[in-house]
Structures are given as structure tokens and as C-alpha cells.
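Asker: As you go down the protein sequences, you meet chains U and P in turn.
First residue of the first sequence: 1, per our numbering; consecutive thereafter.
First residue of the second sequence: 1001, per our numbering; consecutive thereafter.
Hint data in this document are derived by calculation from the structure and do not stem from the laboratory.
Quick reminder that beta carbons are idealized off the backbone N, C-alpha and C, glycines included.
Among the hints, a few may not be true.
Said to hold, decoys possible - Some chain P residues well away from chain U (every beta-carbon gap over 10 Å; in silico):
no., residue
1, Phe1021
2, Gly1029
3, Glu1074
4, Gly1090
5, Met1163
6, Met1197
7, Asp1211
8, Pro1230
9, Gln1232
10, Arg1238
As the list claims (entries may be wrong) - Derived pair list, reagent style BS3-like, types lysine-lysine, alpha-carbon separation capped at 30 Å:
no., chain 1, residue 1, chain 2, residue 2
11, P, Lys1139, U, Lys178
12, U, Lys27, P, Lys1133
13, U, Lys220, U, Lys79
14, P, Lys1133, P, Lys1191
15, P, Lys1139, P, Lys1191
16, U, Lys178, U, Lys62
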Amino acid sequence: MADQSTTAEKPGPAGPRARRTRLSPRKRQRVSRALQYLLLVAVAVFLVLRIDWNSLAQNFAKPEVAAEAWPEVITVALKNTIIYSVGGFVFAFLFGLLLALMRMSSVPPYRWLAVAYIEIFRGLPALLIFLLILFLPQALPGFQVPGDTYGQGILGLTVVGSAYMAETLRAGLQAVPKGQAEAARSLGMSHSRAMISIVIPQAVRIVIPPTTNQFVSLLKDSSLVLFLGVTSEYVELTKFGNDLASTHANATPILVVGITYLLVTIPLGYLANRLERRQGRGRR
Amino acid sequence: MKDPVAPVAHAVEIRDLHKRFGRLEVLRGIDFAVDPGQVVCVIGPSGSGKSTLLRCVNLLEQPTSGRVVLEGVELTDPDVDIDAARRRVGMVFQQFNLFPHMTALQNVMIAQRRVLRRRASEAERIAREHLAKVGVLEKASFYPAQLSGGQQQRVAIARALAMSPALMLFDEPTSALDPELVGDVLTVMRKLAEEGMTMLVVTHEMAFARDVADRVVFMDGGVIVEDGPPDQVIGSPRHERTRSFLRRVLDPTHTDV
Ligand SMILES: Nc1ncnc2c1ncn2[C@@H]1O[C@H](COP(=O)(O)OP(=O)(O)OP(=O)(O)O)[C@@H](O)[C@H]1O
Ligand SMILES: [Mg+2]
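Same shape as in the complex, but just chain P (with noise of 0.2 Å):
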């Protein structure tokens, strides 16, 4: 399953990535791909550099070393258009980001409008299609301000969609939300999981983890400390750190470091 010299196409393929802050070095060295359809979920304790990683896909930070590959695309290398590039990659915050001076229709028009430049009505089109697949087609004449997280966060996910990314990153999509929304945001993660998109997605949503991933990468202090199917490193992690991260995350009163 896990085959890095494999000369198929992988959807991102990351090679020794390096990227510090200063004297800090949050990501120190991380290797690993992901093939097209498949579903990576990245899980690990806070500030073990998670969202850095994610980041580091998208460029918007810089590693400071290593090669990232989109689609056979060195994103790294200094010539490469990165706006090109990062239309191909969409981004789920943990915070939406929603633009709040736009209606949920033009959050997810704007950018097929001044970057596609596709045509008002065409991207009226696709953005009332992808808002009716998350479930928030009667919200599209809302601002962000009128609408709860959950539909905040799956606007967020349509306007990524929008752009027919062939990548999409979660970066914790569901930790901001209310217990009760975090169910409407998985489900649309779920179902665009099993249509196939591509999907790099940062949680603590074991549950989803175990039943959605096709692999499960556990970070700590900025390496990669197991990679594998969800019923392996979850289910039976080889790593001591794995096993503590876990017992905290599953049972927090569980309180061993």
C-alpha cells in the first residue's frame, strides 16, 4: 500500500520537508504521499505541526527545505506559478475564513469569477450546485454573520469545491463547531470522500478517521511517527507516543504524558 518509489502519478507527493520558525523547526524532515481518491487523515497532539504541514502543501508557508509535488508539479520550485498551483489545492479552515462582506453565493462565486473567469452565470450555476451538495442551498442569500458554524464551515467547503480543486486540505474543520454541527460537517466530508475527491484532512474526529481514511499519519514533534491503515494505527498502534496520543484523545480524563 505505502510504495514511495512507485512511478505512479501521486495527487501530492512530499519529500523531506523542513520548515522552521526562527530557532523553532516545527516540520523536521517528512516524507509521505497521496494518491488520487485516497483519503489521508493526519492526526497528533497539539503543536506537533499539523496545520504547518498543511500549510506547507498549499504554500502558504514556505518550507524552508524538501519538495512538495502536486500532480507532478514542483510547487517548491521558484518558477512555478504558485497561484496556478494553489487552484488545484483547495482549503478548509478551522476558522471558515468566509469573506463576511459577501453572501454565502458570492463567497463561493468571487474567486471562480476573478480567477477562472468564468462568467457571471455560469459561476452562479456551479456555486448554487455545490452550495445545494453541502446542504446550504436555502442559505445562499446569508452573510456568514447570519449563519451557524456548521453552515458557515460547509459554505467554506462548497467555495473550495467551486474551483474543481484536485486536492482539498481540512485543517481541524470541525474543532471551532458546536458538538451538535460537527455531525452535518463529517457528513459532507464523508460523502465527498466516496465520491472520490483526493482528501488531506487534519482532525480529532477518530470516529471519521477510522471509518473514512484509507490511511492515518500520526505527527509528533514534526516527524511522521506512523503511517498506516486506521485499523493499525488506531486500532493497533506499534509507537508508545501512538498509544498515549490516543488514550488522551479517546479518554480525556486519561491524564499519563
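Chain U with its partners taken away, still in its complex shape (with noise of 0.2 Å):
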């Protein structure tokens, strides 16, 4: 025993020393949070003394700009924010469930075109596709999408969502338990008629959480309408802001717009989260 000790100090004289004079793990928790309160105080009292708070709100929050985005804000912009990104939406999950089905095909060629649609609009940056929606009259001659900007704008949604929404969806469709088609089939219905009154129904429900999440993202995608070229009547949240920002040369309308964005995004957000809770909590 004695001998142990002796040779056990060679490697670490000051270790069992070093130890008792070292803090506590516990104590070293609370020095390290104290350490990082005052980092946040120090940055605080910075920024408080660095900036400009005058001309910050000159810029930012000026209420006589403000008062000039009312009531088109909401009677124009976001309303026509609102039809980009629902039309876009309805037609992404029409669109993506058909991709779906098609991946999920037995038919090969279904399968690839469907995979490659998939593959090539999701590596996609989404304002790209909305500058080829820009060329497509010119590549296509004689061709116009309907709906004006209404509709240009409404196919670069769907054709960027429907990317996700075709993953989304078949993330759904597998996640319905085989035995469900099983006894849709036992029961004399055929395999379409299964998918439609059984598969599909159970994998909307399934899907819904993470819909919302893309009808957020779709929502926020309506931004890149601004470079469709638009007319006043067609503008939505993004463009209203920005061209009201240049005649004022005031930052304001953007804070505005950014805070009727968050107006329809949080509480989007939060229904999305309770569902998805809902449902976690109703599976068996």
C-alpha cells in the first residue's frame, strides 16, 4: 500500500493538491455563466453608446412613413402576398402529390422522371426559377401563363414547392401502415380506390405539420415576385415595401412589411409545432 503511494506520485506530486485547489465543477459552472452575463452587459452597454439611436429610428421607424404604408399593406400587399403563396401552395401539393404517386410508381420511367423532377427543383435556388419564368414567353413563343403576374408568380411557387412537397408527401404515403391498404385491398377495392379513400386521406393527416411548415416557406418564397417585374396592382408584401423604402428613402416600410410577415409566420409556426405535438401524443 505504502509502496503504491510512493511510486503513485511520480507522475502527479501536485495532484491530489492541484484537485483541492482547483474550483468545483459546480462552482466552475457558475463563474463561467457569470463570465458570460457580463459579455451581454459589456456588448449592451456598447451598442447603447455606439449608436445613433436618433437616426436609427429616423431610419427604421419613422411613424409618418409608416402611417403612408397603411392600408395598403394589408389591402394590397399582403393580401396579394397571400394569393401568391395559397394558389402557389394548393397547386405545389397537387403537383407534388402526383410526383409522389409517380415515385412510388411500378412503372420505371414514372419513377425516374419523377425522381429527376425532384432532384433538379430542390438543387434549384428559387429566385433562378423565377428569372426562367421570366424568359419562358420569350423561350416559348406564343406562350403566356394565365393570371398575368397572378399566374407567373403562382407557377414559380408550385414549381419550387412541389419539389419539397412531393418528398413530403411520400414521407406520408409510407408512413400510412401497409396493413391499411392490405385491408382496403382484402375488401374487394382496388388498388386506386384504396390510395384515394384510405392511403391518401391518413397521409394528408400525417403531413399536415410539415405542410404548414412549407406554406411558411412557400409564404416567404412570394418575396421573389418583386422580380417578376410588377405592376402596382400586383405587388405583394417584399415589393410594396421596397418601392415605398426608395420614395422615402426610408428603411421604414421595410420593418413594417417585415413585421406583418412575422404577423402571419409566428403564429403559422406555432400551429405547425401544437400539431405535430397533437399528433405525436395520438400515435399508438
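Put the complex together from the two separate chains, hints included.
Answerer: Here's what the structure looks like:
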């Protein structure tokens, strides 16, 4: 015993003593937290002192300019944003469902087509797709997207959204237990009848939370309509804010528009979260 | 009693049925027939191919070779309308497989409406009749998640019966149930048997097989080892494999192989 302790002294003579002088883990944690608070206060003090609050307020929160935005920010801009995103969502959902079914088809070429579409359009920036749409009339002479700018915007969002939607819906369809389709088939339903009456309705329920999130992301992507060269009646939130900001050489409208987005996106995010949690509980 | 060459129309006739999954041959030449009104119980160890056999009978699995003939119609014929053929065969699953987004009543109505194209009023009348028969009429407006396992399984039986099948397949219908709920489901099945329904039942309920079955089939390793009246197959089995299986089922603490 004694021998061992003497040999053990070699690697760490200060071992036990050093441990005594060093802080206990709990104390160390307390010190680290205090340091973090200190850093936060330091940054805050620095910002308060350095920033010209007056000019900031003048540029980002000027009441007169904010008042200018009213009521068109709601009656025109938000309304159009919602038209673009709801339209895009509906078509993306339908087209995404078609792609998901193709992706699971027993006919290989359908699968290849679906995979190609999904990979291409998930891999491209949304802006690029909008720019391509801008050139559609030139590329296909005589072709016009129906519904003017609405049609173009909705088309862009459909192309962007359907690729993601297809993958979400496929996951949803595959999450429906196999026994459901088997029970339906054993009752004499055809494959498509079993899909329509039994599998798809359950899959849709499963994908409501993720598709809510996708709607939020389409709503944000609807800002890309900005690049379509929009006349005032088709203007959505971002372009509306941007135009007004240029006329007044002031950023307040952008702040107003930002808040308007958040008024829609944050509640939707919460909703998706709640639906997801409820579903998690409802499952066996 | 067993006469495979008899010219009478069997309810279902299975000839030299083989099924393989990749390299695994699960059914290795199954021959047997069920006559109208007969109740045949299939017993056998786990993995012996009982479920696969049942699933081949209504073509949920495509047999690798062999014939399945239902009421004189060969289901394994590629030209046969398999959806139409399946209407004649009801299936009850171990996990019930009720449609969770529909009430009990809707579960029993959906195929009547969509497949048989019955009018809503008629489908509902028939659905209620069958729900009453299996003793869950008062649960008609409940969703599956609100029902006990025993109630769910009885709704599933009603759902299959509402299609007026010529043959009912049961794949371990009570295996997923709490012990105190097993009796309700077996009572319903016993009643069905008494009414003359043709039934092919995979089960581990030996008492049920003994009392209700006209014949018991013992399967092991993808073949039928023994096929005969319950008193014989369960009471005095001829084959060692059957005896050792029965010893294990009747006395689970017995652990010989
Ligand atoms: N779809 C499938 N693909 C591959 N193998 C399968 C498939 N279905 C069943 N098998 C295999 O076939 C064998 C027989 O399965 P089956 O479900 O018919 O047995 P069982 O007699 O019903 O057993 P249990 O009493 O456990 O239900 C098993 O080895 C199983 O793993
Ligand atoms: Mg089984």
C-alpha cells in the first residue's frame, strides 16, 4: 500500500493538492455563467453608447412613413402575398402528390421522371426559377402563363414547392401502415380506390405539420415575385416595402412589411408545432 | 371426410401452392380444400407459413406457383378480376387494421359503398345489422382509437361480413388482445361458424380449434404435416412434430424442441 502511493507520486505529486485548489465543477459552472452575463452587458453597453439611436429611429421607425404604408400594406400587399402563396401551395400540393405517386409507381420511367424533377428543382435556388419564368414567353413564343403576374408568381412557387411537397407527401404515404392498404384490398377495393379512400386521407393528416411549415416557406419565397417586374396592382409585401422605402429614402416600410410577415409566419409556426405535438401524442 | 378428388365444388381449393421470398421458400407445396360451411383451423409454430398461406388465398401475396380456386374460379389465373374475387373473401387481421380516420360505422360502410356501390341508406342498414350481430352497435359512432382491442376486432369482423363473403379468413384474430377480451371475439366467431360460414382460421386457441373446427391443419416448415378432425390432430397426433408443438402450446413451460 505504502509502496504504491510513493510510486504514484511520480506522475502527479501535485495531483491531490491541485485538485483541492481547483474549482469544483459546480463552482466552475457558476463562474462561466457570470462571465457570459458580463459579456452580454458589455456588448449592450457598447451598442447603446455607439449607436445613434435618433438616426436609427429616423430611418427604421419613422411614424409618418409608417402611416404612408397604411392601409395598402394589408389591403394590397398582404392580400397579394397570400394570393401568391396560397395559390402556389394548392398547386404545389396537387402536383407534389402526383409526383409522390409517380415516385412510388411500379412503372420505372414514372419513377425516373419524378426523381429527376424532384432532384433538379430542390437543388436550384428559388430565385433562379423565377428568373427562368421571366424568360418563358421568349423561350416559348406565343406561350403565356394564364393569370398574368398572379399566374407567373403562382407558377414559380408551384415549381419550387412541389419538389419539396413531393418528398413530404411520399414520406406521409409511406408512414401509413401497410395493413391499411391490405385491409382495403381485402375488401375488394382496387389499388386506386384504396389509395383515394384509405391511404391518402391518412397520409394527408400525417403531413399537415410539415406542410404547414412548407406553406410558411412558400410565403417567404413569394417575395421573389419582386423580380417578375410587377405592376402596382400585383405587388406583394416585399416589393411594396421596397418601393415605398425607395420613394421615401427610408427603411421604415421594410420594417412594417417585416412585422406583417411575422404576424402571419409566427402563428403558423406555432400552429405547426402544436399539430405535430398533438399528432405525436395521438399515435399508438 | 378428406377427398381431394371429389367433384363437389369446394369453397376454396389449394393445389401444390409454393411461395418464396427471394431465396426463402416459405410454402413448399400446400394441398388442401375447404368445403362450404366448413371451419378449418390452421395451427403451427411461428414462421411455419400460416399467415403467408392465408395471404395467398386472397392474393395479398402472389403465389410463386400452384393454384388457388375459389368457388370454382381460379384466382391464380392471370385473367381473373382479382378485385372481384377478393370481394368473396373476407379477411380479419391480427392487428385489426381498422381505418383510423373513420368511425366504426363508416369502416363497415366504406367498401359496401365504394366497391359494391350500395346506396348509403342500404349500406348503413347492413352495417348496423352486422355491428349489432358482433355486439358493438352502441359503438357505431366511435373511432377505432376509442375502442378496446376486442371491440375493434369485432368491428373488423363486421366490416368483412358486410361484403357477404363466401369465405372468411382469420389470421390470429385474438393474438393481439388482452386475455380478458379474447372470449368476446371467439364467441362471435363461434356464432359465425354455427351459422354455416366457411372459415379458415389461423389460431393458437386450441380450445376453440377443438370445439369449433371441422378440421385442424398442422403446418410446419411450409408444408402441411397433419390434416384431420380436431380430436385426432389435437387429441392424438400421429406425427412427432405435431406432438412436440402441442406440448409447447398447451404447456408453455415445456421447452423441448
Ligand atoms: N414479405 C415477406 N418478405 C420476406 N419474407 C417474408 C415475408 N413475409 C413472410 N416472410 C417470411 O416467411 C416466413 C413465414 O412467415 P409467416 O408470417 O407466414 O409465418 P407464420 O406461420 O404466420 O408465423 P407467426 O405465427 O409468427 O405469425 C417467415 O420466415 C417470414 O420471415
Ligand atoms: Mg402469422
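Asker: None of the hints should be skipped; say for each whether it holds.
Answerer: Hints, one by one, checked against the model:
Consistency note on P:Phe1021: stated as away from chain U, and its beta-carbon is indeed over 10 Å from all of that chain's, at 15 Å minimum. Under the 10 Å C-beta cut-off, the non-interface status given to P:Gly1029 relative to chain U holds; the minimum distance is some 25 Å. Here P:Glu1074 stays apart from chain U, with its beta-carbon at least about 18 Å from theirs, past the 10 Å limit. At roughly 7 Å from the closest C-beta of chain U, the C-beta of P:Gly1090 falls inside 10 Å, breaking its exclusion from the interface.
Listed as a non-interface residue, P:Met1163 fails to keep its Cβ farther than 10 Å from every Cβ of chain U; the least gap is roughly 6 Å. In this structure P:Met1197 is separated from chain U by more than 10 Å, as the shortest Cβ-Cβ distance comes to about 16 Å. With a minimum CB-CB distance of about 27 Å to chain U, P:Asp1211 clears the 10 Å threshold, and the non-interface call stands. Taking the minimum C-beta to C-beta distance to chain U, about 27 Å, the non-interface status of P:Pro1230 holds against the 10 Å cut.
No beta-carbon of chain U comes within 10 Å of the beta-carbon of P:Gln1232; the shortest separation is about 32 Å. Every CB of chain U lies more than 10 Å from the CB of P:Arg1238, the least distance being 34 Å, so the non-interface label holds. A hinted pair counts as satisfied when its Cα atoms are at most 30 Å apart, and P:Lys1139 with U:Lys178 qualifies at roughly 26 Å. With a C-alpha separation of about 71 Å, the suggested pair U:Lys27 and P:Lys1133 falls outside the 30 Å cut-off, and the hint is violated.
Proximity of U:Lys220 to U:Lys79 is assessed by CA-CA distance (about 14 Å); at most 30 Å being required, the pair is judged to hold. The straight-line distance between the Cα atoms of P:Lys1133 and P:Lys1191 is roughly 9 Å, inside the 30 Å bound, and the hint therefore holds. For the given pair, P:Lys1139 sits about 20 Å from P:Lys1191 by alpha-carbon distance, which is consistent with the 30 Å threshold. In summary, the hint linking U:Lys178 to U:Lys62 is not supported, as the alpha carbons are separated by about 59 Å, beyond the 30 Å threshold.
Against the hints set out earlier in the document, violations occur for numbers 4, 5, 12 and 16.
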